[in-house]
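Each protein sequence line maps, in turn, to chains A and B. For the record, in the first sequence the residue sitting at position 295 is 308 according to this note's numbering, with numbers rising by one throughout. For the record, in the second sequence the residue sitting at position 4 is 13 according to this note's numbering, with numbers rising by one throughout.
Hints listed in this document are in silico derivations from the structure and should not be mistaken for laboratory results. From the three backbone atoms N, C-alpha and C, an ideal C-beta is built for every residue, glycine too. Some clues are possibly wrong.
[To be verified] Where chain A lies over chain B, by a calculated footprint (3+ residues, C-beta under 8 Å):
(1) 45 to 51
(2) 64 to 74
(3) 171 to 184
(4) 215 to 224
(5) 252 to 266
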Amino acid sequence: MKRTLTALLGGVALVAGLALAAAAQDKPTMGIVVKIGGIPWFNAMETGIKEKGEALGVDATMIGPTSADPALQVRAIEDLIAAGVDVIGVVPNDEAALEPVLEKARAAGIKVVAHEGPGLNNVDWDFELASAKGFGETHAELLAQKMGGKGEYAMFVGSLTVPLHNAWADAAIAYLGEKYPDMKLIGERYGVAESVDDSRKTALDLMAANPNLTGFLAFGSQGPIGAGRAIEEQRKIGAVHVLGPFSPGQGRDLVKSGAISGGFMWNPAEAGRVFVTMGKLLLDGTEIADGTEIEGLGVVHPDAAGKDIITDNLIAINADTVDGLADLGL
Amino acid sequence: MTVLYTRLARAFGAEVPGLLGFLALVLVVFGIMAPNFLTAANFGSIAFQLPELGILTLAMLIPIISGGFNLAIIYTANMAGLTLAFVLNLYGGPEAGVLPFVFGSVLAIGVGAASGAVMGLVIAYIGAHPILVSLAMMIFLRGLGEFLTKGGDISGFPPYLAVLGHGSVLGVPVPLILFGVCAVVWHVLLTRTRHGFAARMIGSNIRATTYAGIHTKRTLTLIYTLSGVMCAVAGILMLARFNSVRVGHGEALLLVTVLACFLGGVDPFGGFGRVVPVVIALVVLQVLSSGLNLLGANQHLSTAVWGLFLIAVMVLRWGAGRYRQRKPGKG
Chain A
14 MKRTLTALLG GVALVAGLAL AAAAQDKPTM GIVVKIGGIP WFNAMETGIK EKGEALGVDA
74 TMIGPTSADP ALQVRAIEDL IAAGVDVIGV VPNDEAALEP VLEKARAAGI KVVAHEGPGL
134 NNVDWDFELA SAKGFGETHA ELLAQKMGGK GEYAMFVGSL TVPLHNAWAD AAIAYLGEKY
194 PDMKLIGERY GVAESVDDSR KTALDLMAAN PNLTGFLAFG SQGPIGAGRA IEEQRKIGAV
254 HVLGPFSPGQ GRDLVKSGAI SGGFMWNPAE AGRVFVTMGK LLLDGTEIAD GTEIEGLGVV
314 HPDAAGKDII TDNLIAINAD TVDGLADLGL
Chain B
10 MTVLYTRLAR AFGAEVPGLL GFLALVLVVF GIMAPNFLTA ANFGSIAFQL PELGILTLAM
70 LIPIISGGFN LAIIYTANMA GLTLAFVLNL YGGPEAGVLP FVFGSVLAIG VGAASGAVMG
130 LVIAYIGAHP ILVSLAMMIF LRGLGEFLTK GGDISGFPPY LAVLGHGSVL GVPVPLILFG
190 VCAVVWHVLL TRTRHGFAAR MIGSNIRATT YAGIHTKRTL TLIYTLSGVM CAVAGILMLA
250 RFNSVRVGHG EALLLVTVLA CFLGGVDPFG GFGRVVPVVI ALVVLQVLSS GLNLLGANQH
310 LSTAVWGLFL IAVMVLRWGA GRYRQRKPGK G
């Protein structure tokens, strides 16, 4: 008996010590489930979400699972449905795995906004700050310029299961194949660009195996960083070019030393703000049609059938712009 | 109260009253702090999230009771899921009938059993440590799965599978019913059968068990085979829940299953452990996780709370053990 009592007392201390105060519930609520918590990209997104949430009077919170596992995203969304939020936002790890739970959310009358998930069906809208084609081709063109339009290059993606990274890679490869026939892709694409270590190792291996390799195109936030470090270690700055989207704060030194030649990105903080703006529009019942202007996206031309709003809001990251972007906390 | 305590303790194991008390406490605390915690929607959400973790935990339980370990549970489950997905796609994906599903499920359970049996054979006859053997199996299955699927996922299944993943019968979620059946089977197996008894004895002292005339090698093989079968059930459920299969689904759950076993009072060195306290421990973990989510707490924090919870339970158990030693005959 005493043991039960001790257990109870210990438990009180534990839970009371760690639990947080519940927020006031009169404002509309929005929960945004991202791929993974605690990395700079999604920290920046959280800043944007908080900022816009305060501005628009929406109680918006971001949920970042502890690992990039779709099963954890499904669990987080189930909990959001139970919590009765008004809007769910999601940046999917795996589109197919989320369809059943998002269907459940919409059946419960919850609005669903997605980002980086153009293939999702059970959403009200998916918005993109970059079109897959435009993003891939802009990077490809810069890579071709740096490499002088000839030579061998390798392609990294975050994972072979991230449809968007692969769509960029498809667009870039198609563009280079058509406009720069002297540029040759080495191997298939490598699914390493969500990890600095894996990207670094793969880049070192590829350079050792292919002495004529002069370019890396890495789609995935950690890919350019890892490949850039490999170039720096091998003292191949200037000889081998690394391009791709990455977090400016993380890659600042590498860009300045020339290990990363540059890249383009969209602003995750902006994506966070757009999440909240879109959620508010859906709650207010504002219709989004061709020519509607949405703050942060500009004038949009939505694809109503695919429920996609695709825009091109790219910013270049290079030695000149990197400090400004990094100071924004990116 | 004391009578109730001893009755519960005698029927389901000494861990049960303490864990139930803790569960009640967690429910009360979250009920006060989170306004929408004590709602049907929240308990529905908990009931839907518990089963996949629960079935995987059952798969982990029997090897741990036998003094071993099975690190390959997640990938065994997903390989079984891939097998079923492959069969369903062969018969037309979304148009596949019920018969291919039954056939595919049998095949999936076969794959799970085979993967478990291979581990069991190596552990029993070669005498390698279970952690090493299951680690090797985990890496093998993961690599094989990634190779076969090119790291992608297989999706597009017949609509009737949604009933298995998200349906309810008389208000009880179907996955929860499946988990309940599995847990009862495991409970009976461990407490009422010769094999369950042999598994516990092997965990306590394998040499003494051999001298007692039990074919320990055959029993060990069977233990891992059963674990593999349970993985396959989890794999089929995950397929229905996510409407897709990928080798990596649920990777993050591996260590949580170990945590649930230890919280449920399973002896890490083998020999002791029961199903009921483990199920209650699972409910506590899920309630903690959902409650913290409702409060909008950071996900990393809920992992930290789970860890702290395990440490607290260990300290309490140590304290209870000392208390019992000083006053013999009381619990």
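Tested hints:
With a threshold of 8 Å between beta carbons, the proposed coverage of the region 45 to 51 of chain B by chain A holds, since 4 of its residues qualify and at least three are required. Requiring three or more residues with a Cβ within less than 8 Å of a Cβ of chain A, the coverage given for the region 64 to 74 of chain B is violated, as only 0 such residues are present. For the region 171 to 184 of chain B, the stated coverage by chain A is satisfied: 3 residues place a CB nearer than 8 Å to a CB of that chain, which reaches the threshold of 3. Only residues whose C-beta sits within less than 8 Å of a C-beta in chain A count toward coverage, and the region 215 to 224 of chain B has 0 of them, not enough to reach three; the restraint is violated.
With 9 residues bearing a CB less than 8 Å from a CB of chain A, the region 252 to 266 of chain B meets the requirement of three and the coverage assertion stands.
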